[in-house]
Amino acid sequence: MSLLRVEHMTHYFGGLQAVSDYALELEPGQIKGLIGPNGAGKTTIFNLITGIHTPSEGHVYLDGQEITGLRPHRIAAQGLGRTFQNLALWRHMTVLEHVKMAHYSRIDYGLVGAFLGSRRRRVQEQEFTERSRELLRMLDIESHAEQLVVNLPYGVQRRVEMARALATDPKVLLLDEPTVGMTAEELRQMIEVIHLVHQRLGLAVFIIEHRLRFVMELCQEVQTLVFGRVVAQGEPEEILNHPKVIEAYLGEDWED
Amino acid sequence: MAIIKRITSSLAAWVAATPLLAWLLGALAAVLLEHGVGRPLADLLGLPKVPVLFGMVLALKSPGLILSAVAYGTIIYIVPIVLITRLGAGVLNQAAAGLLRLNLSASVVIHLCLLYAVLHLWSDISDYRVLTLKLTLIAVMLTLSLNVINGYMGEFSCSHPGFMALGAYVTSVFTVAFFVKDKLFGPPLLPPELGPYFFPVALVLGGLAAALGALLVAIPSFRTRGDYLAIISLAFMFIVKSAIENLEVVGGARGLRSQPDWANLPFVFLVTVLCVWVINNFVNSTMGKALNAVRDNEMAAEAMTVDTRRTKIVAFMFAGFWAGVAGGLFAHVLRYVNPATFGIQRLAEVLAMVYFGGLNSVYGSIVGAVSINLLGEALRPLELFKWIIIPLLLILVMIYRPTGLVSFKEFNVRRLVSPKTPPGGDR
Ligand SMILES: Nc1ncnc2c1ncn2[C@@H]1O[C@H](COP(=O)(O)OP(=O)(O)OP(=O)(O)O)[C@@H](O)[C@H]1O
Ligand SMILES: [Mg+2]
Chain B
1 MSLLRVEHMT
11 HYFGGLQAVS
21 DYALELEPGQ
31 IKGLIGPNGA
41 GKTTIFNLIT
51 GIHTPSEGHV
61 YLDGQEITGL
71 RPHRIAAQGL
81 GRTFQNLALW
91 RHMTVLEHVK
101 MAHYSRIDYG
111 LVGAFLGSRR
121 RRVQEQEFTE
131 RSRELLRMLD
141 IESHAEQLVV
151 NLPYGVQRRV
161 EMARALATDP
171 KVLLLDEPTV
181 GMTAEELRQM
191 IEVIHLVHQR
201 LGLAVFIIEH
211 RLRFVMELCQ
221 EVQTLVFGRV
231 VAQGEPEEIL
241 NHPKVIEAYL
251 GEDWED
Chain G
1 MAIIKRITSS
11 LAAWVAATPL
21 LAWLLGALAA
31 VLLEHGVGRP
41 LADLLGLPKV
51 PVLFGMVLAL
61 KSPGLILSAV
71 AYGTIIYIVP
81 IVLITRLGAG
91 VLNQAAAGLL
101 RLNLSASVVI
111 HLCLLYAVLH
121 LWSDISDYRV
131 LTLKLTLIAV
141 MLTLSLNVIN
151 GYMGEFSCSH
161 PGFMALGAYV
171 TSVFTVAFFV
181 KDKLFGPPLL
191 PPELGPYFFP
201 VALVLGGLAA
211 ALGALLVAIP
221 SFRTRGDYLA
231 IISLAFMFIV
241 KSAIENLEVV
251 GGARGLRSQP
261 DWANLPFVFL
271 VTVLCVWVIN
281 NFVNSTMGKA
291 LNAVRDNEMA
301 AEAMTVDTRR
311 TKIVAFMFAG
321 FWAGVAGGLF
331 AHVLRYVNPA
341 TFGIQRLAEV
351 LAMVYFGGLN
361 SVYGSIVGAV
371 SINLLGEALR
381 PLELFKWIII
391 PLLLILVMIY
401 RPTGLVSFKE
411 FNVRRLVSPK
421 TPPGGDR
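These protein sequences, in sequence, are chains B and G.
So the first sequence is numbered by this note's numbering: it starts at 1 and just counts up by one.
So the second sequence is numbered by this note's numbering: it starts at 1 and just counts up by one.
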């Protein structure tokens, strides 16, 4: 049984069929890529898996349990961490607060603890802080812990998103174009970071990506999506030379 | 220009080096001085009586006396505060450090006792001061609780007067029916001597009634993403008001009177402190910070396991609860309530305090409530113009500081009671 499995998923936005008969099998420890031209429906697939939209048809299973139609916070708590294509950070919160917030589902001090400040709360908040700092250290951004995210360089903001997603303790990590808008240097660091989380934490990773070079370097398998439909699927080299892929990417800057 | 800069920088250095303890002791000296020589000094300066609100009312009523009022304020307030904060800073910094080493709670309690002593002595001079002070404390509760929704959570709620009304009426019905001989409810059901002990219970009931009202607003408003809250909460406020107007058992539009005189200054002060403490606890916990996450990016909050619907509903009921408690106190401070009190004007006032003082900030709510309330009192002689000046001020603040005077500032109790070392000074 795969860790993350999607079966016959189709989704309509009004009359627009954004995703049709999509399927996915992601094994533990696997890194998979999803590529495709603008508007192909890649982000929509993430949103369907993570519960932001409920698929019109089809099923999603995480670790053998059906998660289709659950509310997003339940799905996240069950082990699906994600980042967003257009950074979705909280502008008035510090880096540390971001990562602590992702522990929300594990809060057990209750409303009484939150209102009156119980011992349990002190202990647990301390735990959250320590665990968050550990993640920040791992991603090499601990020095920014007390800063507001809006004041940080883009590459660091991306890592904050990553740290925050990891703090939910995911089994599967979904990354939506983690390198968009990055400099070459930041790109290189991001590849390292993904390698690191993959090796250190043994997570399965599913990446949407535009830059083919990045996909080639990281992924063991790649799906190509065009107009909501998977047109090619296989190892990176295969995909790169696939006629459908070349056609879809024609005229795009697919070298970087 | 240079001299102004010199003055402001030395003022800033002075403030930075002065611990809260020194400010409180300075204020205590000032109010003691007023107790001792306030009256004779006022006579000497040709003032008709001791200026009740720092001479602000007086200055507007009889401008000829402005100089005397300023002299009075300088001698009674400014001189002792400046003397003590300047001369005592060193010793008092050490004292604050000592207290903090001893125990944070002990230090906080001592600071609170000092604050209460200052407020008590200051208001002791006239009933008017007592009333103004109580209403200001209640305003702090209202402002802070509304800030939880409009500031911390970033929604726009208009139902605070409605929650206040629910709290005011439920609390009043409880106290009047059980402990007072009254036209509406007849003889007391329980011995009136027991009454004061039940007052906290009555307030909690009022708060719970308001929280229940909040639930009624929250369920339809937070069903889906989108801005339904403003309109639903506004409707709720009007519904509560007209429901009470038509409820003859509680006096209808004529209102409800003969509340027992239990809301004395120490009690109101204690409840306010409790309210600030609990709300501050909440908003500083990870559970409470979820409000900020929901405000800044709801989708990200959900993806990070935050149950946004529950978060919103809980926060809304929590804010409603405190507005209800504030309403209960309000009714017992005035010892009379009528539904007209809880209309659009009250709403405008609370909103003004929230947005003037500053969003997402305990300090902001205190600043907003105190300044708008005192200003409202001080400008009372201007009558109608009051309603031009206050909105103008609000507009100015909105232009130059869109989120209010002291917004997004964490209220850290430990830092508040800590000693202050001057910048560059030895530690
Ligand atoms: N919430 C929505 N409501 C209606 N239409 C939507 C919604 N979200 C996406 N779409 C449409 O679905 C299609 C797929 O969009 P999607 O964002 O998934 O593309 P993408 O592959 O992620 O593209 P990009 O590379 O630009 O990020 C587009 O035509 C888009 O306009
Ligand atoms: Mg996309």
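No lab work stands behind these hints, which were simulated from the structure alone.
Mixed in with the good hints, there may be bad ones.
[What the hints assert, rightly or not] Far from chain B, by Cβ distances over 12 Å, these chain G residues were calculated:
no.	residue
1	V52
2	G154
3	A177
4	A293
[What the hints assert, rightly or not] Quick partial rundown of chain B residues pointing at chain G, CB under 10 Å, derived from the structure:
no.	residue
5	A76
6	A77
7	M101
8	L111
9	R211
10	V230
[As the list claims (entries may be wrong)] Taking lysine to aspartate or glutamate pairs in the DMTMM-like style, the calculated list, with each CA pair at most 25 Å apart, reads:
no.	chain 1	residue 1	chain 2	residue 2
11	B	K171	B	E7
12	B	K171	B	E134
13	G	K409	B	E7
14	G	K420	B	E146
Every residue, glycine too, gets a C-beta built ideally from N, C-alpha and C.
List of violated hint numbers, smallest to largest: 2, 4, 9, 10 and 13
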